[in-house]
Amino acid sequence: AQTVTQSQPEMSVQEAETVTLSCTYDTSESDYYLFWYKQPPSRQMILVIRQEAYKQQNATENRFSVNFQKAAKSFSLKISDSQLGDAAMYFCAYRSGTASKLTFGTGTRLQVTL
Amino acid sequence: DAMVIQNPRYQVTQFGKPVTLSCSQTLNHNVMYWYQQKSSQAPKLLFHYYDKDFNNEADTPDNFQSRRPNTSFCFLDIRSPGLGDAAMYLCATSRFRETGYTDTQYFGPGTRLTVL
Chain A
177 AQTVTQSQPE MSVQEAETVT LSCTYDTSES DYYLFWYKQP PSRQMILVIR
227 QEAYKQQNAT ENRFSVNFQK AAKSFSLKIS DSQLGDAAMY FCAYRSGTAS
277 KLTFGTGTRL QVTL
Chain B
-17 DAMVIQNPRY QVTQFGKPVT LSCSQTLNHN VMYWYQQKSS QAPKLLFHYY
33 DKDFNNEADT PDNFQSRRPN TSFCFLDIRS PGLGDAAMYL CATSRFRETG
83 YTDTQYFGPG TRLTVL
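So the protein lines, in turn, are chains A and B.
Okay, so the first sequence: first residue is 177 according to the working numbering, each after it adds one.
Okay, so the second sequence: first residue is -17 according to the working numbering, each after it adds one.
Bound conformation, chain B alone (with noise of 0.2 angstroms):
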């Protein structure tokens, strides 16, 4: 089945510790996202890409970085991890469309990041 794949499900860090999580689609999906979401609230968007084009979003801390190295796969880099970044951390995928209309959006069942 076409799927959101997220690597690891659960990841412990320490304070400070970089640390990468991993999203991989086999859906062909040009658009790639990353949200953050805190324990009992709203999933809220770091940033996303439309093929290589990075969007960040302009409250996503510096800390936060993303990459992209294909059309499959897409990394969340945590440089500097604070015990605040503990949260599970969404991936999502979309096709935007030539018509200028971004299709549903498509969840990974995420990676819950613990900072010690």
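Okay, chain A solo, but in the shape it has when bound (with noise of 0.2 angstroms):
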């Protein structure tokens, strides 16, 4: 069974600053799928960025990218310029290539700073 896990619970960043959050998983498929979503307080939950395992090159869309490292099962989000706005939950999930089910990390909650 796959895995997903994030071993930072709380994370702080200085708006403006730079913020890299981890996820690793385990898996033993070569075809699937990773995924950072966001749960801001009381909102629905949206997706940040999105990767295909086949794809060497790292996701990125605006101020987020992801340092996706196959080998080592690793696939972390930074953020960029942050903003108030980015304070939320951030869950890293996994999908299996054909599958519908998501796996979700644990969620690391992000606090944005003056």
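Treat the hints with caution; some may be incorrect.
With a straight-line Cα cutoff of 25 angstroms, these simulated DSS-like cross-link-like pairs (lysine-lysine) come out [claimed, not checked]:
| id | chain 1 | residue 1 | chain 2 | residue 2 |
| --- | --- | --- | --- | --- |
| 1 | A | LYS254 | A | LYS231 |
| 2 | A | LYS277 | B | LYS(-1) |
| 3 | B | LYS20 | B | LYS(-1) |
| 4 | A | LYS277 | B | LYS20 |
| 5 | A | LYS277 | A | LYS249 |
| 6 | A | LYS246 | A | LYS231 |
| 7 | A | LYS231 | A | LYS277 |
| 8 | B | LYS26 | A | LYS249 |
| 9 | A | LYS277 | A | LYS246 |
| 10 | B | LYS(-1) | A | LYS231 |
| 11 | A | LYS249 | A | LYS231 |
| 12 | B | LYS(-1) | B | LYS26 |
Since the hints were made in silico from the structure, they are not lab data.
For clarity, every value in this text was computed on a predicted model and none was experimentally measured.
Fit the two chains together into the complex; they arrive one by one in their own frames, and the hints show the way.
Written out as structure tokens, the structure is:
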């Protein structure tokens, strides 16, 4: 069974600074997808960024980028130029290639301070 | 805007009193999911529908049932809620393609269930 581990329950970053959230996963499959979802307080979960395992290039979406290390089974999220609106719970998630099910990590709560 | 809608946003029920949570979508996605998320925990998949095909997770209690009368709507029924069922219930949708791959999941805002 696949597992997803987020070892940082909470992180804090100052506005305009950069922060990296860690995620590791365990799988024996070669075809899979990795995701970072953001869940603001009392608001719905939204997709931040997605990475296909077969792609070597790290995914980037504006201020959000990932460091995907397939051999190490590591998938970290970097948030550049942090903004107050980035404060949220961030979940790392794994999905097998042809499956529908998402397996989530336990989440990292990100605080953004002035 | 195309979206996933959940009603109600907050639901209070009594111990043992059946409750139904609703999810609708305008994305025309063929897969719909129900997740349970307890406080400060990761969402846990209860079951999902691929079209009308129901897929239950092995560890989902029998107390939880679901119905999908059409593409747009999906319901979560909790037959006899216990105190341990108090949680946020998230509905999500995605498109499963003929290639065998599933697109990104889109989530609704959730229904927070309180059991008294």
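In ascending order, which of the hints set out earlier in this document are inconsistent with the structure?
-> 2, 10
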